[in-house]
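Model the placement of chain B on the given structure of chain A, informed by the hints.
There are 2 protein chains.
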Amino acid sequence: MLVSALLTSVGINTALCVLFLTFYSILRKQPSYYDVYVPRLLADGTSKRRSHFSLERLIPSAGWVAKAWRISEEELLSSSGLDTLVFMRLITFSLKIFSFAGIIGIFLLLPINCLGTQLEEFDIADLAGNSLDVFTISNVNNGSNRLWIHFSAVYLLTIFTCFLLYYEYKYISSKRISYFYSSKPQPHQFTILVRSIPPSSSSSVSETVESFFKELYPSTYLSHVVIHRTSKIRNLVNEARKLYKRITKLQSDSTQQKRRNVNLVDHYEKKLEDIEENVKLEQSESSLAGEETRAAFVSFNSRYAAGTAFHLRQSVNPTQWITEQAPEPQDVYWPFFSESFMRRWISKLFVIVVCILFTILFLIPVVVVQGLTNLSQLETWFPFLTSILTITFVSQVITGYLPSLILLLFQKMVPPVMEFLSSIQGYISHTDIVKSACNKVLWFTIWNVFFATVFSGSVLSQMFIILDPKEIPAKLAVVVPAQASFFIAYVVTSGWTSISAELFRVIPLIFSLICRPFTKSANDDEFEAPSMPYHKDIPRILLFGLLGMTYFFLAPLILPFLLIYLCLAYIIYQNQFINVYATKYETAGKFWPIVHNSMIFSLVLMHIIAVGIFALKKLPLASTLTFPLPVLTLLFNEYCRKRFLPMFVAYSAESLIKKDRQDQNDATMAEFFEKLVTAYKDPALMPIQYSSNTDSLRRPLVS
Amino acid sequence: MLVSALLTSVGINTALCVLFLTFYSILRKQPSYYDVYVPRLLADGTSKRRSHFSLERLIPSAGWVAKAWRISEEELLSSSGLDTLVFMRLITFSLKIFSFAGIIGIFLLLPINCLGTQLEEFDIADLAGNSLDVFTISNVNNGSNRLWIHFSAVYLLTIFTCFLLYYEYKYISSKRISYFYSSKPQPHQFTILVRSIPPSSSSSVSETVESFFKELYPSTYLSHVVIHRTSKIRNLVNEARKLYKRITKLQSDSTQQKRRNVNLVDHYEKKLEDIEENVKLEQSESSLAGEETRAAFVSFNSRYAAGTAFHLRQSVNPTQWITEQAPEPQDVYWPFFSESFMRRWISKLFVIVVCILFTILFLIPVVVVQGLTNLSQLETWFPFLTSILTITFVSQVITGYLPSLILLLFQKMVPPVMEFLSSIQGYISHTDIVKSACNKVLWFTIWNVFFATVFSGSVLSQMFIILDPKEIPAKLAVVVPAQASFFIAYVVTSGWTSISAELFRVIPLIFSLICRPFTKSANDDEFEAPSMPYHKDIPRILLFGLLGMTYFFLAPLILPFLLIYLCLAYIIYQNQFINVYATKYETAGKFWPIVHNSMIFSLVLMHIIAVGIFALKKLPLASTLTFPLPVLTLLFNEYCRKRFLPMFVAYSAESLIKKDRQDQNDATMAEFFEKLVTAYKDPALMPIQYSSNTDSLRRPLVS
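Chains as they are written, first to last, in my numbering: chain A, 1 to 703; chain B, 1001 to 1703.
Here chain A stands alone, though its shape is the one from the complex (with noise of 0.2 Å):
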């Protein structure tokens, strides 16, 4: 690639990042695409559709631009909680560290590449006709000793890599102490979730549950709530909720067809009264009794109890009353609810293989699709095609877009498949399925774009690169060098143009232009904010990382545009959170360990590099120095590993206790402690009520 396909790149990408934020600094301010770019607003009231029409609307403005930059951690933190503060910390660590790598590979290791002559000279008077290659270590002649300042910044990045690395772990941890400290008594403190209840011939579940906790811990057991299956009664909720809406669509229809309407109404009326009857028949306590589930969550009168309860063994047989922490209840995955060790194991190994196999073979289909769109295979296929494709635009256009649309909607296929595979594997929460979720878009993410691309081979031969760990430093400095003027234009196409896309809302925007017609009578006061896919971004800013980590001395061209990117993504990230995300559940941090780890693999990965291509330039002292980095900066995260990663897991004790002494003299504790008793109901269990037929609402829910 030469430098001035690189530049033609770069302005079209702006070009179309400069249209995509003018466009958004315009449609922000139409009230009719409030649910589009303000959800969250919308959602929380703060901002109503007002219809007054004013000239301001139609300028486009930057004063967003300056309020998403200005906004204090502490404002974040308030208002969208601890996992948006972690995702932003995300993007201003990678920010440093490649600011401190930016200033290391422009102004040292450019010019030093630029003055090898390797491959061939650099021509300073065309710079546009120069090959990106003159700007990558490759240029840099054989056995020269100018690659120990190559050498000096792998050992240097790793290093300030490292210390912010620990800094950062320090910094969230303690957020997340403090956060505890200054949160409300909330019932999944003071509940653990039990699995894997031995059945028992002489007693229901709950039964059970209550003489084995009673007789345990006769001082601090409180209550407990057995889980049913409730697939069938949700079945019969969401349908009775789709004909409500049906009913009051056509009540609310034009006068016109009123006749026909009131007729269709009185029918819907009748069926939903019908629904409505079996959802209670099917929630009365006689018909859930034989569809109790071998789990429980089970409440204590205190934080320590319930930490207790989580962290020892119960029972003699370690596959029975299983225990874990429980959820918020809003954050309940109420749907597949395994609740056998077995079962849970199985699904468990089972989805691992699954996800092995996508990764793997997820290529296939996509090179298969990308095939098509060659063009004389085109022209086989659909004769009639033929006269377009002469075209030379059309056929531009199709060459050069088709494919990696194509690979997009591919990808964009990924984190929904995840999150599905995530949900199968027993998880109880919503949160613990998007963090699953988000570790296998990141690993899918990494060996799909990454390796897939870096190893353009057949699927076989990429499989086979584990299998001969000893080749891996040789071949990966081959190959990965070779594909650095790829990845520069991928972080400017990619990169740019679709965090610009992701601020200009695309999907919704198209989603809410057709189905705007069928929405219209929705009330803005119903209106729900959608929650952040975390399990979508967080992989995609690592992935970016890993990019700059591993190219930072064999392409420092990459870094500007890298930073560049990750400006953009800083404030449309703090915007987006402001206006679009709602936090439903929190983790409380629990993402940054996922972060942490990605990190070291990027810089051992970089390493094994370091190792390859010293040898492979005839510098083999470098090589073999190189070799101590990866085992100190796996002893430093074995050293995190121990240090941090405990309170990411659980709480201490000490912290447990302080708690629960703070809200010893509180008034409102009895209060709560009578709300927790119900806090745990299965949503599917609750009254509904859309029919205008008030005699069942007079009727007693259990008889």
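What follows is a list of derived Cβ distance ranges for each label pair:
no.	chain 1	residue 1	chain 2	residue 2	range
1	B	T1092	A	D468	38 to 46 Å
2	B	T1008	A	E638	53 to 61 Å
3	A	F451	B	A1474	21 to 29 Å
4	A	F627	B	P1199	35 to 43 Å
5	B	L1635	A	F451	23 to 31 Å
6	A	D123	B	V1478	56 to 64 Å
Since the hints were made in silico from the structure, they are not lab data.
Glycine residues also receive a C-beta, built at the ideal position from the N, C-alpha and C atoms.
Chain B alone, transformed into the frame defined by chain A:
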């Protein structure tokens, strides 16, 4: 190797075996050898040295064999504890597996191997003239369908072993639970060890511990003992003990030198008094305050309270207030008390590195020393030996027995070295040290006996095997069967002879013969029986298990020899437990997970070799169909880890609370708690009194 050679070896070793057994039958009845052959009974006071003579004492008898065979599990459990039972279960478990394997191997696989003609025809007329290779799988013709029987045998043995492994794990964990339920209240059940106590400028360690635990657990905290650095006192006490021994020896000496002795005794007495004075000074509180370590034993008033303090992370900072279960008071290993988190972590890493280096580099000195036994080399170095070396018998002994003797002596070094390495790793108890040493010796033995023999190349080439995992099955399939005859001979030579020499207690016998004049005065009442060196004996039996497992379908001829070895081991260990070893401390069966893991490793190794050998024998389908076996075995292992391993780490809340309730109405508990306060006292801090100066007894120990 020819069958005749094997038969010769079997003959010689059987003769040696019988000779040792006869010797033992006579010598064990001589009172002067009681300290060698029945040290435990001597220490218990069950057997007294009687000097009356009878003819029966000189006639070998076999009654002890029958007696050893008849000892029941209950007797063993009550006399020697659960660890001994677990050790004997290891032997009976191996007996069961290899009886099953033996039936399949001898009656099914062996005839099939002999019927093959790949290597040479089996000559039934000249049985002794056949090569041992005729009896191995190598003799089965390539591509023969008879190999499917070997394939089925591998599946059968795997299923049988997994079934037995599950049953044993279950049995031993149930024994462990009932051992706990039937145990008297013991100090370590109520106590935890706390390390990494954070420094405080205003208070001593003792005050810090007291305030921390009183604050957190006001109702359950009982007492604590801060651990002191006592190496100085320990040295002084040892010196005093030595002096005292010298004095008593002088006093009991013959009357001839009495006058000179009286002066000497006076001199020593004075010195002894000085030392005792010094010890008292060091033991005094003011001096000890400066020697406080940042670790303490903290006792609670219930097992459950101690359990929760152990399971929950106490402090916000996970590297401070680290808790672990306390060992029994007599099991505490006082000397190397590393208390800080970082120091323990670094020493652990250091020990791991040293162990790996020791294991890999151990071969080098052995090979060098073995090289010295090369005849021509010896003649060059020591010309005067030339005449002796020309005698056939001498040269045969030197070339035939010296190398294996040297290897054996080197291997004798391993358990103490590994025990030392484990002791500096930061373990608090003797049992933990022995358990860790057991693991180290096991992997050392497997590597150095099995892999080093199999890949008899250079050390580096061995290391590269790990780095090239996909070649492992093929390489193993080539080299493992080639060493079949070596390992058959090894079981006979090293197995039979060493186990009967074990019975003969060669080293204690030599030691006792040399030291007799000096130890004559020692009183039988003070006699201390040795404790069982599990870290030496468990790895040996597991090594033979590995050999039996891997050669089961390759060379079934190994199995009858292995079974004889196991029967011998059963008799000898049942005997060497009743009479020799005392149980000083108890892990309550914690050795079993090591046995289980080692068996799983053996199974998977067998599968890997099977994959390789079926491919080598041109039966690729069998090779492919073997693949699921290691996967399923590892899944089975993972299940066992979840199902049983937690029971070997700690007792459940249910068990602890149940046991606590039992004691609630026990009147002796008050007395027990009183004793508990001082149970964990460093023996170096006990008052000593060797000198006859009773003044020092009357003076207060602490001023």
